[in-house]
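Participant: Going down the list, the protein sequences come from chains A and B.
Be aware that the first sequence starts at 1, since it is given in UniProt numbering, and climbs by one per residue.
Be aware that the second sequence starts at 1, since it is given in UniProt numbering, and climbs by one per residue.
Don't take every hint at face value.
Since the list gives no way to pick one copy over another, a pair counts as held whenever it fits inside one copy or between any two copies.
[Said to hold, decoys possible] The list that follows gives simulated cross-link-like pairs (lysine to any residue, SDA-like), each with its CA atoms no further than 20 Å apart:
id : residue 1 : residue 2
1  : K87       : P338
2  : K333      : H130
3  : K67       : S243
4  : K87       : R355
5  : K47       : Q265
6  : K300      : G112
7  : K300      : P171
8  : K333      : S146
9  : K300      : N263
10 : K67       : D289
11 : K47       : D264
12 : K87       : D53
13 : K67       : L383
14 : K47       : N263
Keep in mind the hints are simulated off the structure, nothing from the lab.
2 protein chains.
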Amino acid sequence: MTTTPELRPKRGPLDGITVLDFSRVLAGPYCTMILADLGARVIKIEKLGTGDDTRVWGPLVDHEGVKESAYFMCFNRGKESIALDIKSPRDRELLERMFAKADVVVENFRPGVMERLGYGAEHLARTHPHLVYASISGFGHTGPYSDLPGYDMVVQAMGGIMSLTGWPDSPPARVGTSFGDLGAALFAAVGIIASLYKRTGDAQGSRVDIGMLDCQAALMETALARFDVEGEVPTRTGDSHPSLAPFETFAASDGRFVIAAGNDQLFMLLAEALGSPELALDTRFLSNDLRCRHRSELVKAIETIVSTAPMAHWIDLLNVAGVPCAPINTIDKLFTHPQLRARNMIVQVEGEAGRAVRTAGNPIKLGAFVESDPRVPIKSPALNEHREAILAELMAGTGDYAAAESEDTPTAPSTLGGPAVPATP
Amino acid sequence: MTTTPELRPKRGPLDGITVLDFSRVLAGPYCTMILADLGARVIKIEKLGTGDDTRVWGPLVDHEGVKESAYFMCFNRGKESIALDIKSPRDRELLERMFAKADVVVENFRPGVMERLGYGAEHLARTHPHLVYASISGFGHTGPYSDLPGYDMVVQAMGGIMSLTGWPDSPPARVGTSFGDLGAALFAAVGIIASLYKRTGDAQGSRVDIGMLDCQAALMETALARFDVEGEVPTRTGDSHPSLAPFETFAASDGRFVIAAGNDQLFMLLAEALGSPELALDTRFLSNDLRCRHRSELVKAIETIVSTAPMAHWIDLLNVAGVPCAPINTIDKLFTHPQLRARNMIVQVEGEAGRAVRTAGNPIKLGAFVESDPRVPIKSPALNEHREAILAELMAGTGDYAAAESEDTPTAPSTLGGPAVPATP
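Given these sequences and hints, build the entire structure.
Facilitator: The following block contains the structure:
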């Protein structure tokens, strides 16, 4: 492990952008992590005393007597932290100076919370019209459900994905990671950056209102259309794609692996590679439609062959033939995966305790920017770690929040400067 | 059903942006659908004769003798289509005029295909440096796996999500929709729009290289960190969150529903709402950590209560108490869901056949733009439908591709105009 963590991993297309991040737990922090990975300066506004709820969530790193949340570190890498008592006049004044200098506000409270603090979207749109103001909530800020609490599990259930995930003869399963939070975080990032783009033309901020349930519906692929056209309720299909075959797992002699040969040409290549070209001529398997209809016979025919040798044998063989296939990797396999390593996808994050934790890096690879060194951990902030530096900057009145960090950036910072009107809570 | 489909659903922050979309099937088209939903003009460059592979994929709408793919319609709404023979000199000349006028190129071929056509990223970066050039592929354009074919199912297996999804005593399950494609599409959209933002500062395009496997790793939440810290391989947890309890499904008298009470306060509210405040004082259930450790006893204690009445009873009761909960909805329930309807999340798409199909709309709700009328179908293009209009525009040499459509937009179009250097294939 190296010893010099980096505050911000690298330059990126959002250099010069400052995000005030009121969000906590997962959807908001994952969204602002994406923004930070792309070069934005993200300042976490945390609750005095305890900070982001996840600062005490497991898995906990225990290093030289300091217990620290790896959960928090993963999603808050490369951010700064200031703890504020939003109800105190002094901290409100500070915050209002920060609004004037920032570009983006992100929050994921239940609708109404920011309004009660005096910093709702409508209010800030009047006092600081340059701000892009993004909310992520369970159901969005409009509609009859908007006041209900929404969590990942709730929208995974309500939005349909659980009804499609798992085996038909078992109860619905959850997607193994927080698909509800992460999906919403990604749509929020798209909305925020699109609004920043628009702002370069008209100097106006925007309101971005993301509902996790909406995002779930948007991620249902063709499930809605299938019901609308065919009248049958789509259900769980275990490990196979509902409308492609073969596109599922098969048992080799030492375990299960995936073959995904979803068109006729790939199926022909597969049949040849397996040494059974006659499979591709079988009248039951002549088209994808026919193969879907005779799926169980197809699976049986393929398994009769692949069960005679270990997975690695078939994967090597199919890779040479150009047939998509894969082992079902457990998480431990990702750390040493040659492709993920070559793509700099395993990075280290490090908090106060000074014990680095490995997690996944930024998958948005941009030619114009140099990837950070994966051996150097990216710093996640201690609670309130940057208070003094931020105060000093604000008091110095340098006028440009991002200036200290982005003076050598080739892109013009887009910070438009604060409005003349002071915020009146 | 109404009768006047809309080519482009509404104005949006990407008004004035033109995308040349060489992509087909899902990851690319889903990405450019997001761009189109945000106001970009997306021109699909399709294969002469057959077009996008999915034009013949089910579910098929059969209307007045025309069979048409609802799969295609869903992800290509609001786009234009031109079919080109990229190997013919005449069509290449056309294409090069289009590159000069466009802002973004998106492709999801296997690495090498665009290069062989003479339109690889490096080449276009020299001839048309203003272009944002985005590739989505299974493994990205670098690294030892970059030449392998990657499909959704392949990266779901290789990237770890299957090992986490399903029940511990059943084989790994696939996420019920194409998580591999959709995740990559979203990260690609983020990378493209961030690059457009950067371009407003330095007038330079970018290379965006998205690998589906990278995106899978990025979506593993804390699974990597959990293994790194605790040394145990994370596995499938069925319908529960691995580190929150209660956060899973429970059997009411008429079916299963979700309760997500992941912190002490919510657990207390839950216990009270269920009429068993003593649950919150039980020493086994005093903290989230303890509740996770005694999960099976906790589930049993709660199910003893909730199994006495139907789901709706408990959901009403918990909603009033402020405890997150939800029915496990099947897809048919989404069409009439009051919140999704209020948020304009059920839209119609319509192709040549003139039979509208319902699907999910755009979840990025932007205050500055008016939502389109969900009763008016959004048009998906017939193969080559816009050839003549596009040719006429190019021949007229109006100089700005998007001008015809965006002349009344309040935001300045960002089209930078073509470079002086002609493309030399």
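Participant: Each hint should be assessed against the structure and marked as holding or not.
Facilitator: Hint check:
1. K87 to P338: Answer is neither; intra-copy 51 Å and inter-copy 36 Å both fail.
2. K333 to H130: neither (45 Å within a copy, 40 Å between copies)
3. K67 to S243: between (48 Å within a copy, 17 Å between copies)
4. K87 to R355: The answer is neither: 35 Å in one copy and 56 Å across copies each exceed 20 Å.
5. K47 to Q265: between (58 Å within a copy, 17 Å between copies)
6. K300 to G112: neither (56 Å within a copy, 35 Å between copies)
7. K300 to P171: Between copies only: 17 Å across chains, 25 Å inside a chain, cut-off 20 Å.
8. K333 to S146: between (41 Å within a copy, 18 Å between copies)
9. K300 to N263: within (19 Å within a copy, 47 Å between copies)
10. K67 to D289: Answer is between; shortest inter-copy Cα gap is 15 Å, intra-copy 55 Å.
11. K47 to D264: Classified as between; 18 Å across copies, 58 Å inside a copy.
12. K87 to D53: within (19 Å within a copy, 58 Å between copies)
13. K67 to L383: within (13 Å within a copy, 60 Å between copies)
14. K47 to N263: Only across copies: K47 and N263 sit 17 Å apart there, 54 Å inside one copy, limit 20 Å.
Figure legend: structure checked against the earlier numbered hints; hints not met, in rising order: 1, 2, 4 and 6.
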